[in-house]
Amino acid sequence: MVDTTLQDPLVGQLLDGRYRVDARIAVGGMATVYRAMDMRLDRVLALKVMHPALATDASFVERFIREAKSVAHLAHPNVVGVFDQGAQGQYVYLAMEYVAGCTLRDVLSERGALRPRAALDILDSVLAALGAAHRAGFVHRDMKPENVLIGDDGRVKVADFGLVRAVDAVTNTTGTILGTVSYLAPEQIEHGTADTRADVYACGVVLYEMLTGDKPRDGESPAQVIYQHLHEDVPPPSSVVPGLAPELDELVAGATARDPEARPFDAVALLAGARRARAALTDAQLDAVPPQARPEPGPDGEAAGSDARTTVIPRVLPEDLGTAHHTSRLEMPPPAPPGRPLPPRRTGPLGGPRRGLIAAVLAVLIVLGVGGGVWYINSGQFTKVPSLLGQTEKAARERLSDAGLELKGVERAFSDTVDRGKVISSDPDSGARIRGNGSVSLVVSRGPEIIQVPDVTGDRLAVAKQRLTKAGLLPGMVTKEFDDEVAAGEVVRTDPEAGTDRHPDSAVAIVVSRGSAVDVPDVTGLSVEDATDALADEGLKLKVKPGRVHSPEDEGDVAVQSPQEGAELAEGDTVTVTVSDGPRMIDVPDVVGEDVDDARDKLEAAGFEVHVDRGFLSFSDKVSSQSVDGGDRAPEGSTITIKTKGL
Numbered sequence: 006m007v008d009t010t011l012q013d014p015l016v017g018q019l020l021d022g023r024y025r026v027d028a029r030i031a032v033g034g035m036a037t038v039y040r041a042m043d044m045r046l047d048r049v050l051a052l053k054v055m056h057p058a059l060a061t062d063a064s065f066v067e068r069f070i071r072e073a074k075s076v077a078h079l080a081h082p083n084v085v086g087v088f089d090q091g092a093q094g095q096y097v098y099l100a101m102e103y104v105a106g107c108t109l110r111d112v113l114s115e116r117g118a119l120r121p122r123a124a125l126d127i128l129d130s131v132l133a134a135l136g137a138a139h140r141a142g143f144v145h146r147d148m149k150p151e152n153v154l155i156g157d158d159g160r161v162k163v164a165d166f167g168l169v170r171a172v173d174a175v176t177n178t179t180g181t182i183l184g185t186v187s188y189l190a191p192e193q194i195e196h197g198t199a200d201t202r203a204d205v206y207a208c209g210v211v212l213y214e215m216l217t218g219d220k221p222r223d224g225e226s227p228a229q230v231i232y233q234h235l236h237e238d239v240p241p242p243s244s245v246v247p248g249l250a251p252e253l254d255e256l257v258a259g260a261t262a263r264d265p266e267a268r269p270f271d272a273v274a275l276l277a278g279a280r281r282a283r284a285a286l287t288d289a290q291l292d293a294v295p296p297q298a299r300p301e302p303g304p305d306g307e308a309a310g311s312d313a314r315t316t317v318i319p320r321v322l323p324e325d326l327g328t329a330h331h332t333s334r335l336e337m338p339p340p341a342p343p344g345r346p347l348p349p350r351r352t353g354p355l356g357g358p359r360r361g362l363i364a365a366v367l368a369v370l371i372v373l374g375v376g377g378g379v380w381y382i383n384s385g386q387f388t389k390v391p392s393l394l395g396q397t398e399k400a401a402r403e404r405l406s407d408a409g410l411e412l413k414g415v416e417r418a419f420s421d422t423v424d425r426g427k428v429i430s431s432d433p434d435s436g437a438r439i440r441g442n443g444s445v446s447l448v449v450s451r452g453p454e455i456i457q458v459p460d461v462t463g464d465r466l467a468v469a470k471q472r473l474t475k476a477g478l479l480p481g482m483v484t485k486e487f488d489d490e491v492a493a494g495e496v497v498r499t500d501p502e503a504g505t506d507r508h509p510d511s512a513v514a515i516v517v518s519r520g521s522a523v524d525v526p527d528v529t530g531l532s533v534e535d536a537t538d539a540l541a542d543e544g545l546k547l548k549v550k551p552g553r554v555h556s557p558e559d560e561g562d563v564a565v566q567s568p569q570e571g572a573e574l575a576e577g578d579t580v581t582v583t584v585s586d587g588p589r590m591i592d593v594p595d596v597v598g599e600d601v602d603d604a605r606d607k608l609e610a611a612g613f614e615v616h617v618d619r620g621f622l623s624f625s626d627k628v629s630s631q632s633v634d635g636g637d638r639a640p641e642g643s644t645i646t647i648k649t650k651g652l
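Under my numbering, the residues of the sequence shown are numbered 6 to 652, in order.
Keep in mind that the hints were calculated from the coordinates and are not lab data. Warning: the hint list may mix true and false statements.
[Stated by the list, open to error] Calculated pairs, DSBU-like style, for lysine-lysine (alpha carbon to alpha carbon, straight line, at most 35 Å):
| hint | residue 1 | residue 2 |
| --- | --- | --- |
| 1 | K546 | K485 |
| 2 | K399 | K389 |
| 3 | K607 | K627 |
| 4 | K470 | K413 |
| 5 | K413 | K427 |
| 6 | K399 | K427 |
| 7 | K470 | K546 |
| 8 | K470 | K485 |
[To be verified] Label pairs and their computed distance ranges (CB to CB):
| hint | residue 1 | residue 2 | range |
| --- | --- | --- | --- |
| 9 | A467 | V49 | 30 to 36 Å |
| 10 | D500 | K74 | 31 to 37 Å |
| 11 | Q471 | T505 | 16 to 22 Å |
| 12 | G636 | P557 | 20 to 26 Å |
| 13 | D62 | H555 | 56 to 62 Å |
| 14 | A522 | H555 | 30 to 36 Å |
| 15 | G612 | A522 | 37 to 43 Å |
| 16 | R417 | T505 | 51 to 57 Å |
| 17 | G477 | R553 | 21 to 27 Å |
Ideal Cβ placement from N, Cα and C applies to all residues, glycine included.
Construct the entire structure; sequences and hints are all you get.
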């Protein structure tokens, strides 16, 4: 598949220092989805990037973050996983599981009505995913075929939890509601509330659509569709497809009951009902081929009149809808940014239909887990592109020839995940249907692109960063260390070292020289002038910190320095000093006549050092005199001598 998105500003960029954006694969009303490579974990994933125009809207950003946090609580094989959430400048993104394939909307647009077995197989996987969400306390609120992904390997996954809410956080909105008109439950429209039964209702509508090929609601305006939701029951599928089993009619009716109390409580309950209905059907009923087919899709890849976008709908009362449909309107999210036609493959959660049909999965035998059901799409006059991915160029040529298809051309591209000489992609994709005389283009791997780390030793830091960037690498963490041979500010070495092979956009750490180390001298007790000269002799500078502190040092001398004596600095670095305001003068306690031990404790508590002088042949423990009389003042920390009386 040839990449047609080279003009997209994000393609080829490294987002948030980790995710290399390789190709744009889908565009929706709220976000664009890209195929990307996680350079840290070396895996392919999908990046869902909010349109920059919406990134300034707190409500949309909140939806993005809520989607990441909600899905992070779910670990289920039928839920598209979210690995990471972040932002870089104007880009707010989710890093998500990469699912190569198409959506259920693509299947319905191409195929129309499905056999009951296929419809129930898909519904089973959808309900399993929603059941896990419901039991974890979440409501999806935007279930529709666009959010059901079908992988090339047949796996079914539910995507786009951007409207998810906690079950116990359901609110009654008085303004607008978010959702897709055709799948909104009546209580969402009328009251602005949604619990697990709203998802059940949407799944019932999706089942109806899979069984009949059309949505149950039709109208010239969204207001008319909303009116039908509120005032009319969903018709039985057998009224459109005669011969459908009554168990399927009952299943749809129960799920789409207008009264939420009449519906199954959650997706787990609906799943149990779906499996009971399935068990009651014969193989002939399960494999009955619907007689009708969907009309050819319009230019946007969707049948005329469909509205599959998540929309903002001003909530109106039922009586308003019944009397004046024209008063209801839709406020659509801003349109997707312009871009070239998208490649025919869907990956990850998609926000809206894309041009052209994605037929890759439709021509592949899809094996869905529950019941071992399989379904086929007849090829008619079309030829299915054989499986080419991962094949050698020679094997791919042979497979195309055996299928009666021509090789249009071969392009070669670097790949970190596909071995040299093997097929990265084809256009059309493997499994796609093309006419028997059609041609296929191949993209063959040149293997991983390798870059040698340039030798930037001795360069100034800014120059080194420029050279690494020009070589296709990323300047990484910068650290500094002393070096007697390399001048300060120049590069000592890199990690990995020069000449090492690395993939593009790999980070390279840089070590910069601080020059030769200088031992800091002790300047405490010196005057500021003398301290300045002492530091200058070592190639250092002095800075006086504002304010003074009391200290044992004389007033005007250096009381404290930082860093202290013995620390290592580079030539030209600065030592900060604080000037002394002299010692603090405090009152001396009167201890004459007291016991020596009591006198010592009292003087020390006041902030003095104590020296005891016992008189000649003194046997007394009483203080007879003190060097500074009680009540006088002395410098804090100075020594007071106390004497005892001798002979």
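Here is what the structure says about each hint:
1. K546 / K485: holds, 20 Å
2. K399 / K389: holds, 19 Å
3. K607 / K627: This hinted pair holds, its Cα atoms lying about 14 Å apart.
4. K470 / K413: violated, 43 Å
5. K413 / K427: Cα-Cα ~17 Å, so holds.
6. K399 / K427: holds, 9 Å
7. K470 / K546: holds, 30 Å
8. K470 / K485: Holds, because 15 Å separates the two Cα atoms, which is no more than 35 Å.
9. A467 / V49: 30 to 36 Å: With a Cβ separation near 35 Å, A467 and V49 satisfy 30 to 36 Å, so the hint holds.
10. D500 / K74: 31 to 37 Å: Roughly 36 Å apart at Cβ, these two residues keep to the hinted range, so it holds.
11. Q471 / T505: 16 to 22 Å: holds, 19 Å
12. G636 / P557: 20 to 26 Å: Taking Cβ atoms as reference, G636 and P557 lie about 23 Å apart, which means the hint holds.
13. D62 / H555: 56 to 62 Å: Since D62 and H555 have Cβ atoms about 58 Å apart, the given range 56 to 62 Å holds.
14. A522 / H555: 30 to 36 Å: holds, 34 Å
15. G612 / A522: 37 to 43 Å: Given range 37 to 43 Å: holds, Cβ gap about 39 Å.
16. R417 / T505: 51 to 57 Å: violated, 25 Å
17. G477 / R553: 21 to 27 Å: violated, 56 Å
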